[in-house]
Amino acid sequence: MRNLIFFSFFFSFNVFSSVSEYTLDNGMRVIVNEDHRAPVVVSQVWYQAGSIDEVNGKTGVAHVLEHMMFKGTKNTKPGEFSEIIARSGGRENAFTGTDYTCYFQTMEKSNLELSFRMESDRMQNLIISEEEFNKEIKVVMEERRWRTEDKPEGQLNESFNALAFKAHPYSRPIVGWMNDLESMTYEDAQEWYANWYSPNNALLVVSGDVEPDNVHKLAKMYFGPLSKKTTPKRKPQLEPIQKGKIQAAIKAQSKLPMLQMGFKVPLLSKDEDTQDSEPFALEVMAGILSGTSTSRIQRALIQSGKALSAYASYPLLSRGDVGTFEFVVTLNDKTSVKEVEDIIFNEIKEIITKGVTEKELNRVKANVIAGEVYEKDSMFYQAMIIGQLETMGYSYKIKDNYIENVEKITSKDIADVAKKYFINDSLTVVELIPTN
Amino acid sequence: MKQFILIFTLFFLFTAEAKTNINFWETQNGVRVYFIESHELPIVDINVNFDAGSARDNPKKSGVSNLTNYLMMLGSANLNENQLSDSFSDIGATIGGGVDPDHAKITLRSLSKKETLNQALKTFQLVLSSPRFDKTVFDREKLSTLSLIEQSQTQPDSIGANAFKKLLYGDHPYAFPEEGLLETVRGLKQSDVIDFYKQFYTAQNASIVIVGDLNKNEAQDISDQLTRHLKEGKNPEISDVQSISSGENLIENSAQQAHLFYGMPTLERQDQDFFPLYVGNYILGGGGFVSRLTGEVREKNGLVYSVYSYFMPMTKAGPFQIGLQTKKDQIDDAFSLVKKVVSEFVQNGPSQKELEDAKKNLIGGFPLRLDSNKKITEYISMMAVYNYPLDYLETFSQKVESVTIDQIKDAFKRRIDMSKFSTVIVGKK
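In order, the protein sequences belong to chains Z and F.
Residue 436, in my numbering, is where the first sequence stops; the numbers in between run on with no holes.
Residue 1429, in my numbering, is where the second sequence stops; the numbers in between run on with no holes.
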């Protein structure tokens, strides 16, 4: 099967990309984004398996498996994957998120076949030995110490998620709790691999100087022979409705206090029939609050000298259907957390009562439109957007409607979502108290 | 797995040919201009580079280069900081800045549509020529710089990096962090920033890199427009790095991991040994997952998430630096392992196979360095700042290819002396 979609932007005839899509007989999907500017190709294999699919006691196993994927197969020795890619001039790595795990190589374009050969091998033939696991789990614990234990921002974010969500797996850190890592065994990793690593749970995204039919042919050759597996049934694990403000304070090695606060808000629906404008209103609101150095939060907190960094963010998309509209602030040590919280609430109240200006709306829209062009400068990023959308459960094609959806948003839309969702009862606030 | 080898030995000869065509000229007042024409995307990127990095700070005013560069983006001519920012963001254009020891830069990215680009350039020209350095903005940013420095002094990475610079460079300008020290930033006055701008943002200190959807005539007009205002002025040379005996600084810290910094000043940009050291270090600790250090310390012993070595070539001898983080009770083991791997490498050099693999990666991966307008702009800027010959991109592969084992051994033996290495450990018990 082959679909060829051309999309072009109204503001320029120069910019267009072509995306082609295929499905192999074993259910594996292949999406190709052509970009012929340099003799380079990015190849990404995405598995719809992330920390959201983990269970208590085994947190972090998705990420540990990502590490084990470099530790040898029936055909390669531990570390040989990386050696072969390096010898071809390629760069490679992998990352694990709440919703997915992605493995990628960036290479001179003639090496695409090599990437497919290697990725298809470790999709089915991985060997997880006790000996290799016992070394690598120590590496992962060092990674956790480095990322989270010793970083105030890491501590703050981990506590925030753990408090904002009770039932939903987004409460758990992607890297896993330390004690879960300490008690993890190679059998846990094997079980994860057996459950989730199969062509029907994988997506191949290729971006670069390639010919789509040729990519399809190679994909069929290397991934086609792999057999389908039944993946475990996923439970929704929905978060119960929050009934009242959650507030906490943690202590960490820092000089400056920090604050993370977030409201539970709806995200974009996966069902196109029930998609409405609310998520896009929230998206534009995030831009108006902190998109540029003159945004409302920047003026109120940075230009006033009360904080050193402050931003608002809205996720728009996730596989788990829940998310928070967040504010993260590093305070000046003379400002109190209460004061910052009040300032943020004031800014929201302003929007509810007076809406936003035409100028602000136009600025956000101009940046969205330009941003779409700028992101075409990175073939990696283009592939990444496709992979994220698809593993989160959306179609990559919704990307094409993004500008149009943002352009429709009015001041009233924003005031309405601000009034509806920015309420105390759905708020979580975590403060970081410096111990230095 | 043998069959893999055949596939990729073929390509690296022809990918080395991937050419980026650099147009070069000088403006009437002597600014060097590098232009790459590229019409595939409707984007224009411009980097304006100045020899106005932190090495130009008066040591008593360390941090002034950084503050000057940042304040240039916060108000120009008749535009206050908000008006200036809005005039870019209203049309989807972005400006940026940055300082390292050897240079400062001001950058612009805009859509190439005529009206948009013209408006962006008009304001960009003001950023370069007429910074306001408003007192209130200066006072605020000075305070927040001080807070950021205080914050970074609680974080082991920053504590270690600063202590390491101090040990390696003593009184040399490279001893100071870009953002300055608490005591020096505290003393900065508005006039210091104005003076720094006048002295260092000059024509002979400048180079400009333009990449994107323009033709050569348009690029010429732009380079004139953006540099016309620049006054005469050339910096004296930065002093040579004096050889300093090895030092050790063990710093207490309550973090779970100890952080190691280990090395010595070594490599200049224009250095005969650049290629043997660069290729050699890929094998020792630069080549990510496949380096010897990662192999021993991470893969075989599970002691770290990250261990690395790098040469940072600079105008004067930049550091050769090795680093890792590991939980405190493992730091001695990890450090001895590092010493063993490095001394083994300096003593015996790489194997023939390691050298071949390194060349395949560095040459075969060369197109990846230039696969976007952004990367091209940054890469050419590096060439401009350090005055590289224009054929650098074309000769890169050939220079890597010609490196031999003997050259690597010889270069490491002459340039890397572990008895002169300095050591910083933050979190040593």
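Calculated directly from the structure, the hints in this document are not laboratory data.
A couple of the hints might just be wrong.
Reference listing, derived: stretches of chain Z covered by chain F, where coverage requires no fewer than 3 residues with Cβ under 8 Å from a Cβ of chain F [unchecked claim]:
hint : segment
1    : 176–190
2    : 282–294
3    : 318–329
4    : 417–427
Simulated DEER-style distance windows between Cβ atoms [what the hints assert, rightly or not]:
hint : chain 1 : residue 1 : chain 2 : residue 2 : range
5    : F       : Ser1254   : Z       : Asn75     : 45 to 51 Å
6    : Z       : Ile246    : F       : Ile1194   : 46 to 52 Å
7    : F       : Asn1217   : Z       : Asn125    : 55 to 61 Å
8    : Z       : Gln247    : F       : Lys1122   : 45 to 51 Å
9    : Z       : Gly224    : F       : Gln1270   : 49 to 55 Å
From the three backbone atoms N, C-alpha and C, an ideal C-beta is built for every residue, glycine too.
Here is what the structure says about each hint:
1. 176–190: Violated: only 0 residues of the segment 176–190 of chain Z have a Cβ under 8 Å from chain F.
2. 282–294: holds (count 4)
3. 318–329: That given contact is violated, which follows from only 0 residues of the segment 318–329 of chain Z lying within Cβ reach (below 8 Å) of chain F.
4. 417–427: violated (count 0)
5. F/Ser1254 x Z/Asn75: 45 to 51 Å: holds, 46 Å
6. Z/Ile246 x F/Ile1194: 46 to 52 Å: For Z/Ile246 and F/Ile1194 the Cβ distance comes to about 49 Å; the hint holds.
7. F/Asn1217 x Z/Asn125: 55 to 61 Å: Holds - the Cβ-Cβ distance for F/Asn1217 and Z/Asn125, about 58 Å, lies within 55 to 61 Å.
8. Z/Gln247 x F/Lys1122: 45 to 51 Å: holds, 49 Å
9. Z/Gly224 x F/Gln1270: 49 to 55 Å: holds, 53 Å
Against the hints set out earlier in the document, violations occur for numbers 1, 3 and 4.
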